[in-house]
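With the hints as extra help, turn the sequences into a complete structure.
Spelled out from the first residue to the last, the chains are:
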Amino acid sequence: MLSQAMFPWLLLTAAFLFTLGALGVLIRRNPLVVFMCIELMLNAVNLALVGYSSYLNSEEGQVFAFMVIVVAAAEVVVGLGLLTRVFSIGRELDVDDLDEMKQ
Amino acid sequence: MNVLLVILLILTAISALGVVFSAQTIYSALSLVLTVGLLAVVFLVLNAQFLFVVQLIVYAGAVMVLFVFIIALLDPAAEDRPRLLDLRLILGVLAVAALCTAVFIAARNNVTYDTSCTNQAVTCMHGYTVGSLAATGDSTADPFHTFGFPQNAVNQAGNVQTVANQLFHTYVLPFEITSLLLLVAAVGAVYLTRRVAVGPRRDPQAEQRWKDELVEGAE
Amino acid sequence: MSPSTAALLAGLVLLFPLAGSALCGLLGPVLGRRFVNLAGTLSIGAAFAVTLVIFVQVLGAASGHQSTTATLWNWLDLGPGNLNVSVDVTIDQLSVLMLLVITGVGLLIHVYSVGYMEHDSGVARFFSYMNLFIFSMALLVLAANLIILIIGWAAVALSSYLLIGFWYERESAVLAARKAMITQVIGDVALVIAAILIFVNLRAVPACPPNEKCAGLPQSLHTLSLPQIFAHASSLGTGSPLITLICILLAVGAFAKSAQFPLHTWLPDAMEGPTPVSALIHAATMVTAGVYLIARFHPLFDLAPIASGMVACVGMGTAVMAGFIALSQVDIKRVIAYSTMSQIGLMIFAVGIGAYAAGMYQFLLHAFFKALLFLAAGNVIHAVHDEQDIREMGGLDSRMRVTAWCFLVGSLALAGFLFAGMFSKEDLLGFGLLNGPGAPALYVVGIVVNVLTGLYAFRLYGTAFRGEPRSDAARNAHESKAVMLWPVVILAGLSALAGWILQWPVAFGPHLIDAFLNPVFTSPGSGPIAKAPNLGWGVIGFVIGLTCSLIGIAIALRIWVRHDLDPSRALARPGLRLLPRLSFNKLYFDEIYDALLVRPTRALARGLRRVGDPVMDSWIKGVSGVATDFSSAFRTIQTGLIRDYASYMVLFVVIFTVAVMLAAGLAK
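Protein chains in written order, with our numbering: chain C, 794 to 896; chain E, 2 to 220; chain A, 919 to 1586.
Rather than coming from a laboratory, the hints here were simulated on the basis of the structure. Please note that a few of the clues may not be correct.
Here are the simulated lysine to aspartate or glutamate pairs, DMTMM-like style, with alpha carbons at most 25 Å apart [as the list claims (entries may be wrong)]:
| no. | chain 1 | residue 1 | chain 2 | residue 2 |
| --- | --- | --- | --- | --- |
| 1 | A | K1097 | A | D1512 |
| 2 | A | K1449 | A | D1432 |
| 3 | A | K1539 | C | E893 |
| 4 | A | K1539 | E | E214 |
| 5 | A | K1399 | A | E1310 |
| 6 | A | K1097 | A | D1508 |
| 7 | A | K1097 | A | D1307 |
| 8 | A | K1097 | A | E1087 |
| 9 | A | K1539 | E | D213 |
Here are some, though not all, of the chain C residues that point toward chain A, as calculated from beta-carbon distances under 10 Å [said to hold, decoys possible]:
| no. | residue |
| --- | --- |
| 10 | T812 |
| 11 | R822 |
| 12 | V827 |
| 13 | L886 |
Label-pair ranges, simulated between beta-carbon atoms [claimed, not checked]:
| no. | chain 1 | residue 1 | chain 2 | residue 2 | range |
| --- | --- | --- | --- | --- | --- |
| 14 | E | V7 | A | R1553 | 47 to 53 Å |
| 15 | E | R195 | A | L1584 | 52 to 58 Å |
| 16 | E | F70 | A | E1397 | 46 to 52 Å |
| 17 | E | V7 | A | I1573 | 29 to 35 Å |
| 18 | A | S920 | E | G159 | 45 to 51 Å |
| 19 | E | V69 | A | S920 | 53 to 59 Å |
| 20 | A | V1529 | E | D76 | 53 to 59 Å |
| 21 | E | L174 | A | T1546 | 39 to 45 Å |
| 22 | A | Y1566 | E | R195 | 32 to 38 Å |
| 23 | C | T877 | A | S1039 | 49 to 55 Å |
| 24 | E | I27 | A | L949 | 51 to 57 Å |
| 25 | C | T877 | A | I1573 | 34 to 40 Å |
| 26 | E | V69 | A | R1517 | 55 to 61 Å |
Using N, Cα and C, we set each Cβ at its ideal position, and we do this for glycine too.
Here it is as structure tokens:
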């Protein structure tokens, strides 16, 4: 069981990882790295969930973390599929190059 | 345990920095492998053995291998460093600072989850006092058996068993739905990566056609 | 038999075909034809061997202890008081009889398929599907839980779909497969609704009292376990609208599977599949699942006389209708398909009037002679180079001696003279004398069916096998290989002898199947089952039935073999002129369904589109116009760059989170 003293530090790390991931999404142009940053954010959430689970002595957080992992796996599969598709029609791997959403 | 945890958390934060700030994509990926591996160990320290294994198998095993494959396949070029005065960089750094400070202060002041809370304030879920329930082991006050198990009773049967118990009883429906999600993802991936008749790489005509299609679709 | 033995044996019966299916499907294309032939056939052989062990165990069990229910594992548990499904299997006389036919006849047909599919490149896929079918069918008959039964029910429909559409390059095969699937899904839905009704109405009933005879059964009523449902069937109310509705829904499921009116149109089209498939699925086993379902649910049907009466009427109606259509079909397989429909109609009639054992007796013997007819027809089709039109055959009896003799045995068995059909059909019609709605009104119809059966059976035999060959293919036909002959010969032997053995020494009255199955159908607590005719009625019924069969056979022989009786003059009379056309066009059922269901739906869709397009378009255009006007103000922030959108998101997420935390901190 997580001690009361350690809990804020754990949450701090989770928040740091999460915002760091968000920062990466904002500043990186390579979509692969953007996906990795999203993975980082999801992992940060998992850390917080497991931290709470340990702190509150309830396994539900772990169940939800498990679901998050499943969702993350599905997201990576579809995301990387999209990337290879973009690549196969001869586009560059640069999120700034993909501005069709404007139209 | 606390010392170990502190070291692990610091290492995780450092390797996460590597994910975001490596110029080469493959270094980002390797840093991410390190990060998820360290997080797995954190899970182990936090007594979540099941997630430790899942994290290693799914993330370090499957997801990261997928990433590395795609990097090998697409061979992305190294990226320029972002300009220091990029508005997004400033916003992101501010976000890191603001959120971390807020969460840390909140957690230190027991706002995020108050163990001694007795009133029904916003921050007290269900109004249960976790600490007192944990002391008395009185689960009748908690019909959902959500909080307040006697200390370490949760994992008495073993972590995998308790998590499985939740997954296959309370959360059996969401659990089954995730299988649907995975199926959809698999079908989507097959659909996306199927062979289509397009020209060679950097074919301006194909690109134009694709754009036209998108525009048509949008209209 | 102890539950653990039962679980082991039932598990093995299920496991062998499933493993065979997986092996053939996954490794077959790699390891080649010989491996597939071996694996596909041996798996069924193993299942048949285990079934024989089960059969011996059931025979040897003390009376009253032949039925064993065992739980393989707990499958679905939605928490206390909610649905709780475990994979239960029942081994009793009924399921063992079904299993014997499924694996036994299935084994013969698998052996036959080795020869029949010799030149087909998709043999691995074929055996994989066939084994899957055997697994599904075994699951269906072994299931002791309604949910598991429905799973098996749907799985046989799936394997039937896969096998009808086996030659998927042919459009007609794909369409036939689709038709079969859609029709069967109607039945599936009816079954599911029945299951929901049973669940909703029985979950409130208090669980089994511990000291009663249901003590060995699951203690809670929310399991949809069949023994539990049957033990508490009376709490659904005897003859109440509820139980009538449930039984009618079950019957609709049975009708869809057994090709009974009005859900029968898929069966003739299903003949697009390979002939072994027609023999196994669309004659011997799957289409009789409806009979099994009603027999299995007899505690419910005993309580719902209205539903049972409906079942009996539909069965007899289908029997006479299909017999009439079979008279003028020219496709050899379709004639047999309509005769299947007709014979199953008789079985449905039998279970409808409560003569369950008689229905299962007919099922057993019918499985023999109908599989025989189909396999023999398969030999014929093979010999005349995939020609199925009997007008192009003729004179095959001298060219394919063994097949012709076997076909003759099958035709006699079907028509009800000397061989199998004589015993089972007269037995169940005898029950019709005394039981059923308006008895003996349906018996009279049954007599007509007897005449019709004799007519079409020997029209088929006479046209295809006797006379002069009417095409080059028929002239050059030659006998099939041994692997395709032996199963036919064995089935012919079974068709010829089974009835005599089971009923020795008299050809009417009680038989061994009756004695074997009756404990299942007379379990205490269920209502009275059908009155058996006494010896006098038995003799009278037997003589009448046999006479009618002989009349049918004799007329058919005069018309189609000796050609000294021409029906066209008689049929030219104004009142009867319509009959041949009606029969040839299958009473216009496909056309009626097309006009009643397909066309109106299409017209409705077209009309709605004509109305809907302008209406909906104007709506959507209006909405989008408002949105366009409104959003043009915000257009400048839409750069199309993901990173910009992410920036907005992060900005507001951070503001929101910090604000919430501040508020919470202040509230504290």
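Hints breached by this structure: 13, 16, 18, 23 and 24
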